[in-house]
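Number of protein chains: 4
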Amino acid sequence: MSAKPVNKVVLAYSGGLDTSIILKWLQTTYGCEVVTFTADLGQGEELEPARQKALLLGIKPENIFIEDVREEFVRDYVFPMFRANAQYEGLYLLGTSIARPLIAKKQIEIAERTGADAVSHGSTGKGNDQVRYEVAYYALKPDVTIIAPWREWDLRSREALIKFAEDHQIPIAKDKRGEAPFSVDANLLHCSSEGKVLEDPAVEVPDYVYSRTVDPEQAPDTPTVVSIDFEKGDPVAVDGVRMSPATLLAKLNELGRINGIGRLDLVENRYVGMKSRGMYETPGGTILLLAHRGIESITLDRGAAHLKDELMPKYAELIYNGFWFSPEREMLQVLIDKSQEFVTGSVRLKLFKGGVHIVGRESPYSLYSQDLVTFEEGAVAYDHRDAAGFIKLNALRLRTLAQRKRNLGI
Amino acid sequence: MSAKPVNKVVLAYSGGLDTSIILKWLQTTYGCEVVTFTADLGQGEELEPARQKALLLGIKPENIFIEDVREEFVRDYVFPMFRANAQYEGLYLLGTSIARPLIAKKQIEIAERTGADAVSHGSTGKGNDQVRYEVAYYALKPDVTIIAPWREWDLRSREALIKFAEDHQIPIAKDKRGEAPFSVDANLLHCSSEGKVLEDPAVEVPDYVYSRTVDPEQAPDTPTVVSIDFEKGDPVAVDGVRMSPATLLAKLNELGRINGIGRLDLVENRYVGMKSRGMYETPGGTILLLAHRGIESITLDRGAAHLKDELMPKYAELIYNGFWFSPEREMLQVLIDKSQEFVTGSVRLKLFKGGVHIVGRESPYSLYSQDLVTFEEGAVAYDHRDAAGFIKLNALRLRTLAQRKRNLGI
Amino acid sequence: MSAKPVNKVVLAYSGGLDTSIILKWLQTTYGCEVVTFTADLGQGEELEPARQKALLLGIKPENIFIEDVREEFVRDYVFPMFRANAQYEGLYLLGTSIARPLIAKKQIEIAERTGADAVSHGSTGKGNDQVRYEVAYYALKPDVTIIAPWREWDLRSREALIKFAEDHQIPIAKDKRGEAPFSVDANLLHCSSEGKVLEDPAVEVPDYVYSRTVDPEQAPDTPTVVSIDFEKGDPVAVDGVRMSPATLLAKLNELGRINGIGRLDLVENRYVGMKSRGMYETPGGTILLLAHRGIESITLDRGAAHLKDELMPKYAELIYNGFWFSPEREMLQVLIDKSQEFVTGSVRLKLFKGGVHIVGRESPYSLYSQDLVTFEEGAVAYDHRDAAGFIKLNALRLRTLAQRKRNLGI
Amino acid sequence: MSAKPVNKVVLAYSGGLDTSIILKWLQTTYGCEVVTFTADLGQGEELEPARQKALLLGIKPENIFIEDVREEFVRDYVFPMFRANAQYEGLYLLGTSIARPLIAKKQIEIAERTGADAVSHGSTGKGNDQVRYEVAYYALKPDVTIIAPWREWDLRSREALIKFAEDHQIPIAKDKRGEAPFSVDANLLHCSSEGKVLEDPAVEVPDYVYSRTVDPEQAPDTPTVVSIDFEKGDPVAVDGVRMSPATLLAKLNELGRINGIGRLDLVENRYVGMKSRGMYETPGGTILLLAHRGIESITLDRGAAHLKDELMPKYAELIYNGFWFSPEREMLQVLIDKSQEFVTGSVRLKLFKGGVHIVGRESPYSLYSQDLVTFEEGAVAYDHRDAAGFIKLNALRLRTLAQRKRNLGI
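Residue numbers (the numbering used here), protein chains in the order written: chain A, 3 to 412; chain B, 3 to 412; chain C, 3 to 412; chain D, 3 to 412.
Where hints are given, some of them may not hold.
The list cannot tell twin chains apart, which means a pair is met if one copy fits it or any two copies do.
What the hints assert, rightly or not - In silico DSS-like pairs for lysine-lysine, Cα to Cα no more than 27 Å straight-line:
id: 1; residue 1: Lys198; residue 2: Lys128
id: 2; residue 1: Lys26; residue 2: Lys165
id: 3; residue 1: Lys128; residue 2: Lys107
id: 4; residue 1: Lys10; residue 2: Lys108
id: 5; residue 1: Lys407; residue 2: Lys62
id: 6; residue 1: Lys165; residue 2: Lys107
None of these hints come from the bench; they were simulated from the model. In this text, all values refer to a predicted model and were calculated from it rather than measured experimentally.
Bound conformation, chain A alone (with noise of 0.2 Å):
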């Protein structure tokens, strides 16, 4: 329990069972006022339930607050991070890591429009959004008191939860008493799966576990071919019809849904120092994150590119980490910014049966353009014999090398 004593916390609020007892053992335990905050990052579930809940437990209407957030998620999170064709360790498009900065920021913001002195989230104590939350709440208010549950409290087992719960007169719903096969995270951008089921990374990920994609297999038999246009790096159209960031994300993942695209079974390693085994799907961020290696291919030059593939890792890292709200991620990314000035233009893909591939790219700013390069007299031109002398250049520290080699004898 928290050194300080606690007049009133923001708890991240999603109105299911586990953040109900969260509400009531706060109340409970720190006798304090309760604010409730209920996002809608787009996880698919109703807003208005967690308004009625949390009247139910006794928050008053003032202190409940609910918001729909996913353009804000998308234009001012999601899309901020494919600029930069980030993937943690080669793979993990960052879906569950990129939603926690925000959430925490609009709990900082009502505690302090609220005079809140305390926030709380449901997120354990062994895994990642602890520290993605907390990094991010300290960040943004220094003196706030975390109030963190799980790491708190004695309920430990799934009996002492519902026991808890049935003692405060918490509803439960009936497939709530046991526990759950797997633990599942969704937004906009992806659905996490890991835990129990999930746990031995040798087996295969069952099909129920899928939720966001329809299996590769099932998928239909002829390609879906899909063109998305880009401005300064961000989509901003799919097949011609211009959307709002999260109807594009919410677009590109219906077509990734029902082509099977972008599942990904994972161990990774988690910042608190463990490997775990998740399994995700983010069916529209795998086929924008080709699409926009796709329009860079043609605009980006190479010194740009390779600079901001040097950095990916790093900033993928940061985000997986928690640290969005740093200054070193703030640093990258007014590089990758800087970089998409002219990343605008027309990707076309296909997608079929669990694969997204390019099949044409174009742009009025391509650096690939014949009528840019020609090539010819007049305007910048490839001149063969200049290649001997680059490569004569390039070569010379190693010329100078072998020869020490040969004077050495070896």
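Assemble chains B, C and D onto chain A, guided by the hints.
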């Protein structure tokens, strides 16, 4: 033409029309003895016809060198590169790049053995391969004379080439009279195509360009499940059957081929400064890359894995640019190899209509293993209360920054 | 000689013998109009004699451009570079490298204004400066024709040059008849010397080579204490007196000069592939570098500082190699500049017989400040018990590795 | 207090008052057997008094371990680190950081030998050293119990400590009754001071804090010239006299001391999240760093040198943070060591009133050597015409970018 007189030149000779023209051009222009080197890198062509052709063109039998280097290629070049998970510009598996240093090395060895003072290759003046060959030549024999006919001669058109061939009694296959609709490079790792019909990056690659893979739409309707065993970072067995490196890669190629795996339509940045569009087929390599990441995911420590990921783009760039025989590539290689000591175990994958999916992985050296990390008393334990301190100290500097902002009222 | 006819060329003209010979050679060889550009970069030479000399050599008055660019040089090139703490190969402060892009930019601007189609410079064919000039020319005017006389003409010896000068009535100062014992480049940031008497890296630099600094052994026996004020990463005042960028750097140069500060005897790796030995004097810059690190040490967050340190070698290499006008340098610059927002405050230093030593630093934005980090209740607090959790989670992966070794008995 | 009962603990014991109090506190609080380990790292203190004190405090003779580890320290820790030219935050030579892993390793070895289940150290809860010790302990013995008295006990004031000492008959030297004006860590590489009188970073370090170096103003008026011979990256002789590693470093310390070399007043970022101000004296190390860069400058290839420079900040950070025994440090070490094969030769330096200046360097393996790079026919030659092609292809992408801007009219 090279400033120095040349006595004897070792030519990388395929037996095809173009390198036959070069052979004759070297004889007539430089008046020098020509030594031919023809390698079996798994490109899928018979070597004996090259010998016959060389004899026909007046090469002395003792000056004809033919070698099957497939095992050496895969063992000493391909596998070390895959230990790094190398991908150039995020996607390209470097199939052409990795073969050039080996050919160059063989040519230089033959030059040393036969007392040749020069080497020659058939790469054009606009591409990367000239750089890869010549940088390697210089790095291995600093005083070598390099003859790059495509940069020197005035055979500027197909007609001029054909006329030269006719004038010098070089046999011309019927289908070689006209210009090819695209150019091809092939070896055991991959087949690449570029030029002509592929030049417009907005236009889809025509079907007839593919030679190594079945169209995913035509691939079998049921997945192939395959297991790959690794030892110290290298694959050693497929479905439990131990194989030599080249045999193993050929086996993966076959599995990839039938399942339509490993097609890549890419616009890339050449080292010589321009963008080019290529189509790559790397069936076995595509499977291998994911499998290697899979076995690393349970056997490699996070610190090692992230360091590898951060250095990979540079390592890939060095290979792409032709710096295999450079101190910095060798330094990176020892770093990478050092990490692979326990990268041993087995990965199971599903191959399906163009897609590769990991479905399981296990290792006697797993860092994930529940025997190892029981998180019980007596072994390495995880106490979730530790997370609070971990987070607080990691956030301390960010809280300090936030406090500064508060003090400044911003 | 350039393949294209040239109508008008803008020459980087110092007024000295060598560039006067180039001027005449351009007129006679290319038959083109010559426009001269002479810049005051703080090299310590009068500019009017250059005008007189140009007139004497037949340049039309309207084709003579003379400009004092010292403020622009320091403000837009030197200071941005020092924000990065840039040192090439760990030691060199890039005094020559950073001046070239500015000169090139001015030449191209004059070319655009005067309708010139070509530019020319007086750098030799073995050095870095030809690269720096020409890469900048091309980056700013892609269709420009570049004339590099030292790579083109056959004036291979001092005698040939002198004869050419005599033949064309170019006045020759007496001390310019023989070859100089070393060559010099100078601007407000530094003075470099190389060649001839400096060529053997085993032999100490002779005393007479130094021109910008007193011998440390002859410097005053009492230290100079100086304070430098910074705003957003740039120095703005010395000993409390606000100064323009160039004035400030000149002031630091003077303080450095009398205290024998900023001598560097270096063997460096040129971009063109060879090693060279140079002697650099950068009195003010040497003071500035340490001072900047000093003010950063209390105002910059660790994450920001370490990211900067990791990227510095690449940034310095880009400038050394001549890629100031490249997307990747510009991307790194916005990253660096982003970090400097609060790099404001004052540093006190002691200058003594060749050494610079920080003796104090303070800032209104200090992250060290005890007001900020009181570590008391109510503000950002440090609880030493947090360290246990911090350490345990950081060590967790290493314990797992150790446990694996134990299990294997190794 | 640790959750587990402890039977036997190996304490890093200096023989001073603080670790004597810890010793007694361990006995009384944990009721366990205490084993002491006292190392001679070159800190300049006698070891026998530590033995006497331990005996006096009731430690059994067979439980007292005293070892002179100076040679091991310099050979296996200091020199490998200097091969990397490691400097934390651009300036700090890591003198404290590099000693901790060795002490930890020795403690763990003794724990294994004596059957101890715990280790303990005397570092406080706010510093880096606790992390360095404990991360190393865990990395070497994953099941070890760590006791960190400063984080556990309630001896919060000097008075409480003194009272505890008196209560337990621990002898107290007169000058230890009050609090020290600053705290000190020393070994053969350096001496560091921090705390109390040094806490305000705006205030100059008082004279009496320095113990290893003469004030530069008091140093001799004539320079000391010294030559250092290197073999494979490590120094082996001073002024032609071969010496063991520790002897050599001691010799350089003496030369540095009399010439006032190696003082550093620094504000640094601790791993635990706060800034601290320290004063370091590293006389021999400061000489060694520059000498090593000097010998590398003529023997190391550019590619190798730049790769080292780019990785150095990360390598230094790992050591600073306490990750010597991590896979990533070991991976970087093999990379660095690989580069040092020919880093052999001699460097001459001038030491003068706080400054170190290279005046010459030579090597049988010099890549600068004029024998090697004659630039004449027959050897590796440089043709200045090659520079044109080199520049043009390097600039090609920038010209393309510029052409795009032109096309867009920007």
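Hints and how they fare:
1. Lys198 / Lys128: Within one copy, since 14 Å is at most 27 Å while 39 Å is not.
2. Lys26 / Lys165: Result: close within a single copy only, 13 Å intra versus 48 Å inter.
3. Lys128 / Lys107: Within one copy only: 22 Å inside, 29 Å across.
4. Lys10 / Lys108: within (16 Å within a copy, 51 Å between copies)
5. Lys407 / Lys62: Neither way: Lys407 and Lys62 sit 81 Å apart in one copy and 32 Å across, limit 27 Å.
6. Lys165 / Lys107: neither (33 Å within a copy, 49 Å between copies)
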